[in-house]
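**Student:** Chains as they are written, first to last, in our numbering: chain W, 336 to 488; chain E, 2 to 505.
No wet-lab data here; the hints were simulated from the structure. Treat the hints loosely; a few may be bogus.
Stated by the list, open to error - Restricting the straight-line Cα-Cα distance to at most 30 Å, the calculated cross-link-like pairs of lysine-lysine (DSBU-like) are: (1) K452/W <-> K420/W; (2) K452/W <-> K143/E; (3) K420/W <-> K143/E; (4) K389/E <-> K298/E.
What you are looking at is a predicted structure, and each value in this text was computed from that prediction instead of being measured.
So the chains spell out like this:
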Amino acid sequence: MTFPATRRLADALVIALIAGWTLWYLADTVSASSRVTNLIFILPVAVLLLGLCGFEALRLLRAPAAPAPAPAAEDDPEDLAGTLKVMALFAAYVLSAERIGFDLATCLFVGLYLLLKGERRPLIVLGYAALFGNLVTLFFARMLPYPMPMAWL
Amino acid sequence: MIDFNALLSAFSILGSDAAPWLVVLPGLLIGLVFGAVPGLQISMAMAIFLPMTLYMDFLTAILFLTAIFTGGGFGGGIPAILMNIPGTSSAISTAFDGYPMARRGEHNEALGLSLGASAVSVVIGYILLLVLIQPISAAVLKLGPTEMLVVILWGLTMIASLSEGAMSKGLIAGGLGLLLGTVGFSDAGVLRGTMGVTYLMDGIPVVPAMMGMFAASELLRLQNARYLVADDAARRVSPRRIFAGMAQTFRHPGVILRGSMIGIVIGAIPGVGSSVSNLLSYIETKRRDADPESFGKGNPKGVVASESANSSSEAGSLVTLLALGIPGGGATAVMLAAFAMHNVTGGPQFIRDQADIVYAIILANLGQALLLVILGSLMLPLLASLVKVPMNFLIPAVLSLSVFGAYGLTGSIAGPVTLLAFAVIGWLLRRQGYPVSAAVIGLILGSLGETAALHSYQISGGDPAYLLQRPITLGLALLVIAALAAKPLLARRRLRRQAAARAS
Chain W
336 MTFPATRRLA DALVIALIAG WTLWYLADTV SASSRVTNLI FILPVAVLLL
386 GLCGFEALRL LRAPAAPAPA PAAEDDPEDL AGTLKVMALF AAYVLSAERI
436 GFDLATCLFV GLYLLLKGER RPLIVLGYAA LFGNLVTLFF ARMLPYPMPM
486 AWL
Chain E
2 MIDFNALLSA FSILGSDAAP WLVVLPGLLI GLVFGAVPGL QISMAMAIFL
52 PMTLYMDFLT AILFLTAIFT GGGFGGGIPA ILMNIPGTSS AISTAFDGYP
102 MARRGEHNEA LGLSLGASAV SVVIGYILLL VLIQPISAAV LKLGPTEMLV
152 VILWGLTMIA SLSEGAMSKG LIAGGLGLLL GTVGFSDAGV LRGTMGVTYL
202 MDGIPVVPAM MGMFAASELL RLQNARYLVA DDAARRVSPR RIFAGMAQTF
252 RHPGVILRGS MIGIVIGAIP GVGSSVSNLL SYIETKRRDA DPESFGKGNP
302 KGVVASESAN SSSEAGSLVT LLALGIPGGG ATAVMLAAFA MHNVTGGPQF
352 IRDQADIVYA IILANLGQAL LLVILGSLML PLLASLVKVP MNFLIPAVLS
402 LSVFGAYGLT GSIAGPVTLL AFAVIGWLLR RQGYPVSAAV IGLILGSLGE
452 TAALHSYQIS GGDPAYLLQR PITLGLALLV IAALAAKPLL ARRRLRRQAA
502 ARAS
């Protein structure tokens with residue numbers, strides 16, 4: 336599949352996701368209450384948004400897919416695999432923090448991120464992960480008025 | 002308009018006792034730290050340190066809290082410039098031009114501009130407050146939901162102006178944000194769009210969502226960059242360039258004045274405040290500029306417009322607190338608690354009977370602006386050094402800070418999960434060319450807009466003729482329409498001038 340075709344597919348997917356969610360939200364809002372006081376803002380915005388999604392879908396069908404904007408060399412936003420790996424690591428961090436403790440989760444996240452990005456010096460990986468993870472957790476645990484689940488702090 | 006006897010008495014109160022001044026510097030420092038750390042809120046800092054004010058007299062307590070407010074207002078712009086994370090919703094438009102400036106190696110200048118604009122507009126805001134506290138408080142009482150609706154619609158026009166490529170994509174992102182902003186219980190007591198998730202009953206937590214869309218999605222994009230500033234030479238931290246940035250603020254007096262005026266007026270409207278004022282100031286500055294296309298790409302005027310409005314909003318929010326006894330937002334609600342702890346009730350009687358204390362608060366805040374410049378000048382070189390940290394170390398650190406901040410904002414894992422979900426949404430939108438800033442503005446204005454529309458409908462009984470009885474609404478609406486209509490006319494005139502210049 337060529338790049339413009341992938342891009343066009345991704346564009347179509349995003350439009351479909353937005354339009355789909357908007358339709359579901361509108362239906363949910365109407366089913367909750369169809370009184371003017373409930374629809375006064377949501378109905379016109381949703382109708383406008385659906386119209387715009389339709390317009391954008393038509394534009395996508397008619398025009399050839401626009402080439403991607405030239406990225407800055409080192410930003411490389413098209414490194415999809417790398418971005419998805421970081422995203423997965425971040426998701427694992429967020430979803431595990433409450434279960435395994437914020438201190439352990441933060442140390443693991445920082446250390447694994449460094450390893451993922453190619454850092455191989457054990458002292459740097461372990462030192463930075465342990466120092467940053469513990470310091471930041473301690474700071475927030477003292478400052479925030481809520482209890483935070485911890486593994487050792 | 003000024004009671005000169007009370008003013009003299011205020012000078013004597015502030016000059017005869019050092020105690021009120023001793024708390025200002027620690028207050029500014031606390032505010033700066035809480036504003037600069039993503040996720041920590043100014044209102045949170047004020048709430049944490051509120052019990053300390055029990056041991057202070059009323060004036061000292063209020064000065065301590067306003068110092069936190071002032072420091073935090075400026076602090077929120079620092080991560081917006083350096084990391085594209087607006088520390089608070091009042092620094093959103095600071096990120097629009099501050100972050101592109103930082104990425105081009107102009108982080109010193111951007112931070113200097115932010116400090117200069119903040120300090121100058123705090124002074125302008127409090128001078129206006131000194132002169133106009135009584136008329137402004139009277140005017141605020143006349144503002145109703147229809148006026149608020151027009152102000153919010155004015156903010157929504159920003160969505161269209163943020164669309165760089167296809168305007169339809171900007172409007173789609175803005176519309177999506179508006180709808181997301183209405184999820185949860187409405188003011189009419191109806192629950193929508195929560196999918197049974199109890200955490201969403203109060204709506205989507207806006208600040209974690211904003212942090213996810215702006216910062217986390219940007220960091221995901223930058224995960225292969227070596228440094229925030231690509232050019233090695235441009236990463237230098239230079240106090241001289243920070244001061245040059247501060248001096249540059251004075252090249253845009255019109256932008257500062259307009260931002261300060263918008264800040265104080267919008268800041269005085271309860272529930273709207275600095276989150277909207279910085280956007281309005283940015284829109285107006287961009288709309289009136291000879292080169293509106295340069296905004297969003299690192300135009301210093303964008304930083305000045307945003308910072309001048311959010312800093313003077315502080316003075317605006319004090320109008321409603323002092324003159325009406327109504328808190329306009331989280332920070333002034335904590336101040337109201339301090340009022341109660343000292344058995345003081347804000348309102349017209351307070352202004353009349355304790356005018357010397359009111360003037361002393363205002364004058365001391367003018368002094369705070371000077372102290373902010375000194376403290377900011379000392380701290381900024383240290384904070385600007387962030388651009389020297391390799392991205393491999395910076396990205397996990399900032400993402401972790403955002404997670405802790407999001408947890409602190411909601412008191413549950415709902416905050417970090419919101420951050421994660423909106424990081425993915427923001428990344429996806431950004432990747433497909435949708436302006437995430439439009440979605441964030443929609444998210445902020447969504448619930449405000451729905452509430453104002455609902456109250457307008459309830460108060461008017463659905464009769465459009467009601468608007469004829471609201472001259473301020475009509476006046477504001479005409480101003481917004483005129484501003485929108487003027488935009489294409491001005492653009493056409495500018496093109497004609499450019500063509501004429503090329504021909505000659």
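**Student:** Does each hint fit the structure? Answer for all of them.
**Tutor:** Quick rundown of the hints versus the structure:
1. With a CA separation close to 10 Å, the supplied pair K452/W and K420/W stays within the 30 Å bound.
2. This hinted pair does not check out: K452/W and K143/E have alpha carbons roughly 58 Å apart, beyond 30 Å.
3. For the hint pairing K420/W with K143/E, the CA-to-CA distance comes to about 55 Å; that exceeds 30 Å, so the pair is violated.
4. Restraint check for K389/E and K298/E: satisfied, since their Cα atoms lie roughly 22 Å apart, inside the 30 Å limit.
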